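Asker: As given, the protein sequences belong to chains A, B, C and D, one line each in that order.
When we follow the working numbering, the leftmost residue of the first sequence carries the number 1, and every step to the right adds one.
When we follow the working numbering, the leftmost residue of the second sequence carries the number 1001, and every step to the right adds one.
When we follow the working numbering, the leftmost residue of the third sequence carries the number 2001, and every step to the right adds one.
When we follow the working numbering, the leftmost residue of the fourth sequence carries the number 3001, and every step to the right adds one.
Worth flagging that the hints you see were computed from the coordinates, not collected in a lab.
You may find that some hints are simply not true.
Here are the simulated DSSO-like cross-link-like pairs (lysine-lysine), alpha carbons at most 27 angstroms apart as the crow flies [to be verified]: (1) D/Lys3107 with C/Lys2595; (2) A/Lys418 with C/Lys2595; (3) C/Lys2022 with A/Lys358; (4) C/Lys2150 with C/Lys2022; (5) C/Lys2362 with C/Lys2442; (6) A/Lys149 with A/Lys27; (7) A/Lys437 with A/Lys358; (8) D/Lys3107 with A/Lys149; (9) D/Lys3103 with A/Lys343; (10) D/Lys3103 with A/Lys106; (11) C/Lys2151 with A/Lys418.
Facing chain D, a subset of chain A residues (Cβ under 8 angstroms, in silico) [what the hints assert, rightly or not]: (12) Glu135; (13) Val139; (14) Tyr142; (15) Gly143; (16) Glu154; (17) Ala156; (18) Ile161; (19) Ser164; (20) Ile165; (21) Val168; (22) Leu171; (23) Met172; (24) Gly175; (25) Tyr178; (26) Asp227; (27) Ile231.
In this text, all values refer to a predicted model and were calculated from it rather than measured experimentally.
All C-beta atoms, glycine included, are put in the ideal place defined by N, C-alpha and C.
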Amino acid sequence: MVNLILIIALPLLAAFLIPLFNYINKKLPSIVVFLTTAINLLIIILNYNQIILEPVIIELGNWQAPFAINIYVGTLELISITVISIISLIIAFYNLNHSNFSSESKFHTLYSIIIAGIYGIVMTGDIFNLFVFIEITTVAAYGLTTFNKDKGYEAAIKYIIIGSISSVFLLMAIGFTYSAVGSLNMAVIAAASNLINPGLVRIISLLFFVGIAFEAGILPLSIWVPDVHSIAPSAVSSTLSGLVFLAGITALIKIFFNLFADPSLYVFLMIIGAISLIIGELIAYQQDDIKRMLAYSSIAQMSLVLTIISVGTKYAISGGLFQLFNHAILKTLLFLTAGLMIKYAGSRNISDFGGIAKKIPLIAVGFSVGSLGILGVPFFNGFVSKIMIVNGSLNAGEYILTFLVLFATVIEMAYYLKVIQTIFFGKISINPHKIVKSYVPIIVLITVVFLLGIYPELITKPLNQATGELLSRSDYISNVLGGM
Amino acid sequence: MTLLYSLLILLMLISGIAALIFDKLVNSIISAGMVSLIAAFLFYFLRAPDVAMAEAAIGTGLSTAIFIITLYKTEGRGN
Amino acid sequence: MSLFYYTFIPIVIAFIAYFLNKKIKLSLAILNSVVFAYLFYQISRLYNQWNIPHETISYYMFDREIQLIFQLTPLSWLFIFMTTGAGLLIAIFTIKSQQEYVLRSSFHLNFAILIGSILGVVLAGDFLTLFIFWEIMTWSSFFLISSGEKKAAQKASYRYIILSTIGAYLMVTALFIIYNQIHTFGYNQVAAHLSGLPITESIILIIMLAIPFIIKAGVFPFHVWVNGAHSNAPKEFSPFLSGLMLKVGIYGVILLLYFVPLYNILKESVNYRGLPIFNYILAIFGCITVITGTILAIRQEDVKRLVAFSSISQMGYIIMALAISTPLGFTGGLLHLMNHMIFKTTIFLSIAAVIYRTKTTKMSEMGGLIFKMPVTFTAYLIAIIALAGIPPTNGFISKWVIYQALIDKGYIFLSVAAFFGSIGSFMYVFKPLSTIFLGQLKPEHENIKEVPFLMQLPMFVLMALILLFGILPGLQMNLINQISQLLNIQPVGFTLYSITGAFGKWNSLVIFSLFVGGFLLAFIIFISAKKSKQVGLMDTYTSGEYMDDPEAYHYAYQYFRPFDRVFDSFAARSLTVIYDTFAQNIVKLGNLFRKSIVTGNGQTYAFYMVLFIVILAFAGWII
Amino acid sequence: MIDFLEKWSFFGGSVLLILIGLYGVITRKNLIKIFIGLSLMDTGINVLLVSLGYVEGGIAPIITSTINNNSYNFVDPIPQALVLTSIVIGVAVLALGLGVIIKIYEKYNTLDISEIRGLRW
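Whenever a hint applies, use it, and build me the whole structure from the sequences.
Answerer: Below, the structure is given as structure tokens:
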């Protein structure tokens, strides 16, 4: 058993050593980032079998649970960090060839920091620590947004304004929680949440929701997403859209299922998610800029996940979680391939991608695999999650929700197919630019997509376990606090 | 004592509002610095001297300084 | 060979061939033909082996293993036999016909996947398997349609996929409503569960299950995708689309009504004139489909569109026959299904051959090809004779049985519609005949040759089949009676060359002899008569004006104008417009959201945040 | 009156300061003023957090020469630790934001946020 704290510490350490490495060799930073992500994956694989048996709790500084900051890795967190490590490894590999930014070492520093932050958000068992990791992630994301000099600053300023406001709300929620419970440990708060004044709990949960949902792609709060995702470099877009959203939703799930399990709030989450889903899809349909389209699609997908999870039954939650992880994989694939297509065509507009598939077939195939996965074509990973979502929502008797989800998928189909048709069957209308073709990340991601589509039990079995853990709060509390 | 706190808080709020309604940005920035300074005092009265020191140094000093630098680098350049 | 492999061999081979295709240009088409031939051979050997056991694959979903079941019945044998047969003929056809086609490799890849998925749909033994392969079928056919060379192909395929998906989602919703109660997707269990439910509930579920099939079959009011898809698909795919894909929809209807005997549930609902209301409405829709398809087909100037509308109207016959659910109707429907597949494939293939040579689909741009492409002409001629329902072709027999069934039950309106469609079909199939093949040759088509042998071969095979089944319908009836027995439908009496209808017996051998005699007589007269005089095409007279656009004066242009004028107001009221308006309104709504919400101003976004909190707080989160 | 002030002045004052900051962020057009608003919000939340941990008559949680045996008499140190972290994070974000503002000014030659709308719809 290797200490899991390493997977947060290593990227942070790498981040601050990167300027040094950069001094030695210009190529070294990207290799270092690649190595750290690879080591992280290795650590997780080594620990996998143990964590799947029972949750691992690591207390920092050898203090007992309520007093020390702790790290809690249950099954949900385990799946999340596995997905995160795989995707961050793939993106780091992509960066080996593709990071031609003028300030390369800064890019890799920030990338390492954001990875560390994402791991932290998922794994931490302490709400203030959660705040710190969210801030680490967002600050790194602000920095990464500006790497596209052109409009990056404008996107960044919007992101910073919204991010600062929501961090104030998050901090306020943490303050109220602390004043009510007297502890920052999630398990203690969970144990005490029934004793707090229910009105206060509702205020706190609203503040938490606003503070975290802005990082999780829920529409009125995440309205900055299209600007940032479309402007940032592709590797960053895929990180933000795939991983940061994943972490954000995971944090929301923890807040609403572990901390304050108040089922009367789920209906709000469901309505917010449903509205956000439909609006996100409708706006995505209008886009001509491919990355903006993908960003709106991410918003819609995240809203879908939130809506389904807030149904609150076992089937619905596992379906939503599966969709969440699928989305992380698929959006990485989509953003990476879209970025390559943009570079090749020299334009962001979908209408300029006509017939691009004849020139760069693998990239076009990668994009279509991603789209078909999101649309839920059989034997792609999205199919199983879509089926599970339908099953979950129908099982809970949410017929209107099922209708909305399927309606949204039809709209989604309309805009993804527009792109696929253009890139495969359109007329060539561009004079192509030379690009570095990196096939390995795309092939790996396509393989993962089909692997999960054909053998869904790879993820559905752990997911069922994770859902079981989420729905039994008392186990979580007693796991962390022991016999207290 | 309570009255003193309340007065300080009132002053803080007034400087906060002033920071927002002043036309000249320099005045706004200085008002914002005032808010931080009063907050530092409040921290001290709330038995948090360490926080008070940090707020005084960072909130009042550093923040104001970087605001002024930004102002100088942007619209203040002409003046 | 295991049933499971029938679905996966084409798919796997397709991917292998796709990568081979970079090196060897024709490898995909040839490999596909070989694979389909092998499958065809294997499937023909499966005939009469109805008791081979079910096969299952387990697929872990939700929190349990779900069994995907594959099974073989006479019904599914009929469809897999037809699928691989049609696939084989078309694959052979494409070897030569696609040499200049850029998206060749994508065509073959998707075509093989499509064949595999149709085999999966038909061999499926439970609804989930059916749904999975149904989706794959929809998607691969979507890619096939959108790989058409015309620009409109993309829009057409778009309409196709959106409609299909809406149908599929209705089906999946119904399936999971049922699944949540019985935790299985098996045909029998679902049927048993549905018969236990209150009648309205089960009828709603049945309709939801049936809609994807009805959409795929192109029945009114979901026929809007058919003409666009058929006319814009690659010319080699249109035959398959019309000949087989539409029939898979029919397979679904048969599956629901008879195989999973939901008809028994429907019988207990409101009956109207001896039919469950669902069936009656389906029959009426079939009848409307016949009329709409016929009228619209007559108007078309584009030959592929014309034949597409003809497909719609023929599907109406089949639906009508199946919906009235008498033994005779069922037999007629299945007969017509097979026969339509044969002759419609022939028509589309001969048109594909014409397009291959002339590169156009506008009828007014062709003419006089009879001397240049005699084989294609003969294929087209025989096929349209079958389509119009003239003996001694197979089309006549199936239509005859359908009429018998309709009149026997006394559905006057349906019978009149069927006759109307039959007469209309004379008109619309004659239009391409006279304008493409007869008349005068266009100057630019002076050097056209007959298509290569590999393209003629499928046409010969199909022509032979049309005549064979026209003379010996007993060959088909043998299988149909086996299906009837399986589905507990009373078989219809038959011998090798005769069928017993409601009002008598049809003996095709006698009629065939008569026709051969008549044909010989006519041929002798034709030989002995004086040869007609050939006039140049542009040798047209106007009243002293110079003609700068002879195309507009071509006699093929607005061929049946007087007839069309009668139905102008009818044709203007298009369903497509309604669907399009609905879609546009959704798009407009999205645009409204986009313009009003995403203003680009960071401050507005901050304001949304505050507003969001306030609204949530006062909507009941806090207060 | 005094009781009311004693009970609510810190809480009310800090919440009001946050709201004032929020108002500034939403209404002021100038980017620097918006960031002043953000820093006001930060200050407000810091005061709020510290006041939540304040114990009436307690002493500062720092080691001094005075001997104090009554450990309950300490003001809760955790919120103060939080506030320290939050101040540092706040100023980091502020510095980053102001840096971006300088770049924006170089590019758009304005600080009016309503004119910086290259990315929309």
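Asker: Would you mind marking each hint as holding or not holding in the structure?
Answerer: Going down the list of hints, with the structure as the test:
1. Between D/Lys3107 and C/Lys2595 the CA atoms are separated by roughly 25 angstroms; this keeps the pair inside 27 angstroms, and the hint holds.
2. A distance of roughly 21 angstroms separates the Cα atoms of A/Lys418 and C/Lys2595; the hinted pair therefore holds under the 27 angstroms criterion.
3. Taking the CA atoms of C/Lys2022 and A/Lys358, the gap is about 12 angstroms. The hint holds against a cut of 27 angstroms.
4. Of the supplied pair hints, the one linking C/Lys2150 and C/Lys2022 holds, its CA atoms being roughly 25 angstroms apart against a limit of 27 angstroms.
5. Among the hinted pairs, C/Lys2362 with C/Lys2442 is consistent with the structure: their alpha-carbon atoms are about 13 angstroms apart, no more than 27 angstroms.
6. Between A/Lys149 and A/Lys27 the CA atoms are separated by roughly 22 angstroms; this keeps the pair inside 27 angstroms, and the hint holds.
7. About 14 angstroms separates the Cα atoms of A/Lys437 and A/Lys358, which keeps this hinted pair within 27 angstroms; it holds.
8. Simply put, D/Lys3107 and A/Lys149 have alpha-carbon atoms about 10 angstroms apart, close enough for the 27 angstroms limit, and the pair holds.
9. With a CA separation close to 25 angstroms, the supplied pair D/Lys3103 and A/Lys343 stays within the 27 angstroms bound.
10. Restraint check for D/Lys3103 and A/Lys106: the C-alpha separation of about 17 angstroms stays at or below 27 angstroms, so the hint holds.
11. The straight-line distance between the Cα atoms of C/Lys2151 and A/Lys418 is roughly 13 angstroms, inside the 27 angstroms bound, and the hint therefore holds.
12. The beta carbon of A/Glu135 comes within 5 angstroms of a beta carbon in chain D, closer than 8 angstroms, and the hint placing it at the interface holds.
13. Interface hint status for A/Val139: upheld, as the beta-carbon distance to the closest one in chain D is roughly 6 angstroms, under 8 angstroms.
14. For A/Tyr142, the interface hint holds, the least distance from its beta-carbon to any beta-carbon of chain D being 6 angstroms, beneath 8 angstroms.
15. A least Cβ separation of about 7 angstroms between A/Gly143 and chain D falls short of the 8 angstroms threshold, and the interface hint therefore holds.
16. Annotation: A/Glu154 was flagged as interfacial toward chain D, and the flag holds, the nearest CB pair being 5 angstroms apart, inside 8 angstroms.
17. With a least beta-carbon distance of about 5 angstroms to chain D, the hint placing A/Ala156 at the interface is held under the 8 angstroms criterion.
18. With 8 angstroms as the threshold, the beta carbon of A/Ile161 comes within range of chain D, its nearest partner Cβ sitting at about 6 angstroms, so the hint holds.
19. Given hint, A/Ser164 at the interface with chain D, holds; its Cβ is 5 angstroms from that chain's nearest Cβ, closer than 8 angstroms.
20. For the restraint placing A/Ile165 at the interface with chain D, the shortest Cβ-Cβ distance is roughly 7 angstroms, inside the 8 angstroms limit, so the hint holds.
21. At a threshold of 8 angstroms, the smallest CB-CB gap from A/Val168 to chain D is about 5 angstroms, leaving the interface hint in force.
22. For the restraint placing A/Leu171 at the interface with chain D, the shortest Cβ-Cβ distance is roughly 5 angstroms, inside the 8 angstroms limit, so the hint holds.
23. Against a cut-off of 8 angstroms between C-beta atoms, the interface hint on A/Met172 holds, since the closest Cβ of chain D lies about 6 angstroms away.
24. The interface hint given for A/Gly175 holds, since its Cβ lies 5 angstroms from the closest Cβ of chain D, which is under the 8 angstroms cut-off.
25. A cut of 8 angstroms between beta carbons decides the hint on A/Tyr178: the least distance to chain D is about 7 angstroms, and the hint holds.
26. At about 4 angstroms, the closest approach between the beta carbon of A/Asp227 and any beta carbon in chain D falls short of 8 angstroms, and the interface hint on this residue holds.
27. Interface hint at A/Ile231: satisfied, since its Cβ lies 7 angstroms from the closest Cβ of chain D, which is below the 8 angstroms cut-off.
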